[in-house]
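Visitor: In order, the protein sequences belong to chains A and B. Position 238 (the first sequence) corresponds to 238 in our numbering; numbering is contiguous. Position 5 (the second sequence) corresponds to 405 in our numbering; numbering is contiguous.
Since the hints were derived computationally from the structure, they do not count as laboratory data. It cannot be assumed that every hint is accurate.
What the hints assert, rightly or not - According to the in silico footprint, chain A covers these stretches of chain B (three or more CB under 8 Å from chain A):
| no. | segment |
| --- | --- |
| 1 | 446-456 |
| 2 | 721-728 |
| 3 | 746-752 |
Unchecked claim - Restricting the straight-line Cα-Cα distance to at most 30 Å, the calculated cross-link-like pairs of lysine-lysine (BS3-like) are:
| no. | chain 1 | residue 1 | chain 2 | residue 2 |
| --- | --- | --- | --- | --- |
| 4 | A | LYS28 | B | LYS531 |
| 5 | A | LYS131 | A | LYS29 |
| 6 | A | LYS32 | B | LYS763 |
| 7 | A | LYS171 | A | LYS258 |
| 8 | B | LYS496 | B | LYS461 |
| 9 | A | LYS61 | A | LYS171 |
| 10 | B | LYS531 | B | LYS571 |
| 11 | B | LYS428 | A | LYS364 |
| 12 | B | LYS429 | B | LYS658 |
| 13 | A | LYS363 | B | LYS432 |
| 14 | A | LYS363 | B | LYS428 |
| 15 | B | LYS531 | B | LYS496 |
| 16 | A | LYS92 | A | LYS28 |
| 17 | A | LYS364 | B | LYS764 |
| 18 | B | LYS492 | A | LYS28 |
| 19 | A | LYS212 | A | LYS131 |
| 20 | B | LYS571 | B | LYS658 |
| 21 | B | LYS429 | A | LYS363 |
| 22 | A | LYS32 | A | LYS61 |
| 23 | B | LYS571 | B | LYS429 |
| 24 | A | LYS364 | A | LYS212 |
| 25 | B | LYS429 | B | LYS461 |
| 26 | A | LYS131 | A | LYS28 |
| 27 | A | LYS61 | A | LYS96 |
| 28 | B | LYS531 | A | LYS364 |
| 29 | A | LYS363 | B | LYS797 |
| 30 | A | LYS29 | B | LYS764 |
| 31 | A | LYS364 | A | LYS61 |
| 32 | B | LYS496 | A | LYS29 |
Backbone N, C-alpha and C define an ideal beta-carbon position, used for all residues, glycine too.
Protein chains: 2
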Amino acid sequence: MNTEVITLHDRVDLPAGFQAAGLGAGIKKNGKKDLALIVSDTSAAAAGIFTTNQVQAASVKLCRERLAQGTARAIVINSGNANACTGERGMKDARKMGAIGARALGLEENDVLVCSTGHIGACLPMDVVEKGIEAAASQIGSDHGLDAAEAIMTTDTRPKYCTTQILVEGKPVTLTGLAKGAGMIEPNMATMLSFLMTDAAVDPAALQTCLKDAADQSFNRISVDGDRSTNDTVLFLANGSAGHAPLDTTHPDWPAFKAAVFALTHDLAMKIMRDGEGVTKVVTIRVQGAVSNEEADCAARSVGNSLLVKTSWVGNFPNWGRVMDALGYSAATIQEDRVDIAYDGLPATAGGLAASTPLDELKKVIERSSFTIDIDLHVGDGEAIVYSCDCTEEYVKINR
Amino acid sequence: MNTEVITLHDRVDLPAGFQAAGLGAGIKKNGKKDLALIVSDTSAAAAGIFTTNQVQAASVKLCRERLAQGTARAIVINSGNANACTGERGMKDARKMGAIGARALGLEENDVLVCSTGHIGACLPMDVVEKGIEAAASQIGSDHGLDAAEAIMTTDTRPKYCTTQILVEGKPVTLTGLAKGAGMIEPNMATMLSFLMTDAAVDPAALQTCLKDAADQSFNRISVDGDRSTNDTVLFLANGSAGHAPLDTTHPDWPAFKAAVFALTHDLAMKIMRDGEGVTKVVTIRVQGAVSNEEADCAARSVGNSLLVKTSWVGNFPNWGRVMDALGYSAATIQEDRVDIAYDGLPATAGGLAASTPLDELKKVIERSSFTIDIDLHVGDGEAIVYSCDCTEEYVKINR
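Turn these sequences into a full structure, and let the hints guide you.
Guide: Okay, here's the thing in structure tokens:
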């Protein structure tokens, strides 16, 4: 997948035929934006992927149900309350959120998707939510994407978005993504929401496969704290306003479309990492030479989730011994005397032993705001990559 | 196993026929004690359990090898350097530590066990170690147990020890344990060393089984940070100085002996938790109603290792939603609407939903320096218990 030709813009240019809104309805106590709408003028192919947690928010259950039809028109999103662990009342409230949105926008209930993020275990203040949705519906516009990006934030310090354009059948096509993350970010979906929109026409099944593949290389590769949330959701709407023949895997422009989706999700995933709670460093952990790709993944995640490894980065110390330790207790097969570890290309460990690179040079790498740890296990051909971050005192402060 | 009749004393009363020493050899840069000896006047039955990490320190490999004979006379221990990830040189140094100890104490090399704890990846300063062992050998005495307990410390803030007495065949028998812990503490052995001594006479095979069973209920149930070390070792010497017929599982006093060992290891494990890096609270997580004991264990460890759960305790907030979340992503089977969660007996969650206990009452529980979270999954009969702790800003400070 060659994503290098894709140029990404730090803007929210909604694709043709999309409108959005975002405002403070009063769900959050601090008056910040907490309610967003994303609306397509016409029926859009819709795809979604969701948390693998066994405890799932009401909105996740509802989205799964409604995506069966493969199309949607709008997404109603609230932040500040996850509507998770809220039982039947929670399901009723999620449906009601959708119904209020449908009524306010003049749509069918089944065409409205619903997402929530925030504190777990409390019921939604439905009167506040209702007024908020109605107000948002009266404000939707094609230039309100940033408001929506702001309204889905929780402990994020900044909104996250990205826009790119490609040509399909010679016609310009726009892809735009919004995301929120910050905490409970873990492989296999983070506490994150992301909404992708495009004016491309895409076969719903192809859209779903493309989204899943892209998420597996982006959102499912990042880890802030190893906790997987109840609400993780990525939705992708493609409304076909660009006016070309529908894309599927056999279309000559499919590779370009797929590359754009991969680039978009990768960019959003990195923005989530960079804005992770208390994060000062984003660290890429690349494992090769594992018995299998699965074992490489286990090894990379074990290192990326190790609290001792993550705290050692805060202190700017190249503590490769802790990396060896985390490899050793991972489910991956390790032969201690074969392991090589390098920091941005500088060998720290050779054959399981300290390499000759001077400590000061390794320290300089760890001082960077992003660097890569390359691990070669030398026991096979498996490889994997994960993105981790340091665990700072600030993280504890935010979550305590 | 009735351990309630066992009276534990916060003292290091070495059992008859044991001597110890502890001093600062200069392995630690700060001048603190870093070298300990434990010596039995006569050949002792010896048992040991070790880290499950695939990367193992040289001393662990050497102890495994030497324990095959089922007896030992002495243990040489250094802190400040783990002698792990040090390859052939590390194995040679571990053997040399044993040889120096054997020579200084007039013992056979095979009768000397070796342990190390500290920084991973650097070779031992063997000249310093040699002088230290020789000095320690000249200082051993039956009243120097506390010195040894201090000399095995790393980031521990205080030495950990415990003594108890029982009667075997009417004769008083003493059991004493030393331990160090503090960081890299995780289920399936922590970054911890523990040394148990008794003047009871015990069949080596029975001693090994007893130690394994006791560790499974104590050291293997605690978690500070989810990291498993390369050096974890628990050794148990029983020298028979008490002068009774050897204990094995058929001896009428075996249950009393086993209860004493269980009580001793439990006490040491709790002392390790209480002194965990940055720890202000020790939390017992008790899961019942799981599909199996194994699943109960998965569920309890998922909650006990969740960074979001552990940081929420710092803030004195009963965030049961995070507990639900951690249960949901565990490998245990969960039915969300059956889960009950209680804090020191006060229901926080009933059938997966918020229970009616006022928030203020739950907060009072979380403010305690120790409390119990009872989780009933209501899907089977499996149960398990783990001991966790809060993750504070201090933890990050210590490990950065």
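Visitor: If a hint holds in the structure, say so; if it does not, say that too.
Guide: Against the structure, the hints:
Only when three residues or more bring their CB closer than 8 Å to a CB of chain A does the claim for the segment 446-456 of chain B stand; here the count is 5, and the claim holds. With 7 residues bearing a CB less than 8 Å from a CB of chain A, the segment 721-728 of chain B meets the requirement of three and the coverage assertion stands. Here the segment 746-752 of chain B counts 3 residues with a CB under 8 Å from a CB of chain A, which clears the bar of 3, and the coverage holds. Among the hinted pairs, A:LYS28 with B:LYS531 is inconsistent with the structure: their alpha-carbon atoms are about 65 Å apart, more than 30 Å.
Between A:LYS131 and A:LYS29 the CA atoms are separated by roughly 16 Å; this keeps the pair inside 30 Å, and the hint holds. Proposed proximity of A:LYS32 and B:LYS763 is supported: the alpha carbons are some 27 Å apart, at most 30 Å. Taking the CA atoms of A:LYS171 and A:LYS258, the gap is about 16 Å. The hint holds against a cut of 30 Å. With a C-alpha separation of about 14 Å, the suggested pair B:LYS496 and B:LYS461 falls inside the 30 Å cut-off, and the hint holds.
This hinted pair does not check out: A:LYS61 and A:LYS171 have alpha carbons roughly 37 Å apart, beyond 30 Å. A hinted pair counts as satisfied when its Cα atoms are at most 30 Å apart, and B:LYS531 with B:LYS571 does not qualify at roughly 40 Å. Restraint check for B:LYS428 and A:LYS364: satisfied, since their Cα atoms lie roughly 25 Å apart, inside the 30 Å limit. Note on B:LYS429 and B:LYS658: the hinted pairing is violated, with a Cα-Cα distance of about 40 Å set against a maximum of 30 Å.
Distance check on the hinted pair: A:LYS363 and B:LYS432 sit about 27 Å apart at the alpha-carbon level, within 30 Å; holds. Only pairs whose Cα atoms come within 30 Å are accepted, and A:LYS363 paired with B:LYS428 is accepted, the gap being roughly 22 Å. Our distance criterion of 30 Å between C-alpha atoms is met by B:LYS531 and B:LYS496, whose separation comes to about 12 Å. For the given pair, A:LYS92 sits about 21 Å from A:LYS28 by alpha-carbon distance, which is consistent with the 30 Å threshold.
Between A:LYS364 and B:LYS764 the alpha-carbon distance is near 46 Å, which puts this suggested pair outside the 30 Å criterion. Only pairs whose Cα atoms come within 30 Å are accepted, and B:LYS492 paired with A:LYS28 is rejected, the gap being roughly 63 Å. Distance hint between A:LYS212 and A:LYS131 is unfulfilled; the C-alpha atoms sit about 35 Å from each other, more than 30 Å. Only pairs whose Cα atoms come within 30 Å are accepted, and B:LYS571 paired with B:LYS658 is accepted, the gap being roughly 16 Å.
Between the alpha carbons of B:LYS429 and A:LYS363 the distance comes to roughly 20 Å, so the proposed pair stays at or under 30 Å and holds. A distance of roughly 27 Å separates the Cα atoms of A:LYS32 and A:LYS61; the hinted pair therefore holds under the 30 Å criterion. Between B:LYS571 and B:LYS429 the alpha-carbon distance is near 45 Å, which puts this suggested pair outside the 30 Å criterion. Proximity of A:LYS364 to A:LYS212 is assessed by CA-CA distance (about 37 Å); at most 30 Å being required, the pair is judged violated.
As the CA atoms of B:LYS429 and B:LYS461 are separated by approximately 27 Å, the hinted pair is consistent with the 30 Å bound. A C-alpha spacing of about 14 Å is found between A:LYS131 and A:LYS28, which places the hinted pair at or below 30 Å, so the restraint holds. Taken as a hint, the A:LYS61 and A:LYS96 pair is honoured in the structure, with Cα atoms around 14 Å apart against an allowance of 30 Å. Taking the CA atoms of B:LYS531 and A:LYS364, the gap is near 36 Å; set against the 30 Å cutoff, the hint is violated.
Restraint check: the Cα-Cα separation between A:LYS363 and B:LYS797 comes to about 18 Å, which is no more than 30 Å; the hinted pair holds. For the hint linking A:LYS29 to B:LYS764, the alpha-carbon distance of about 24 Å falls within 30 Å, and the restraint holds. Only pairs whose Cα atoms come within 30 Å are accepted, and A:LYS364 paired with A:LYS61 is rejected, the gap being roughly 47 Å. Only pairs whose Cα atoms come within 30 Å are accepted, and B:LYS496 paired with A:LYS29 is rejected, the gap being roughly 65 Å.
Violation of the numbered hints given earlier is confined to hints 4, 9, 10, 12, 17, 18, 19, 23, 24, 28, 31 and 32; the remaining hints are satisfied by the structure.
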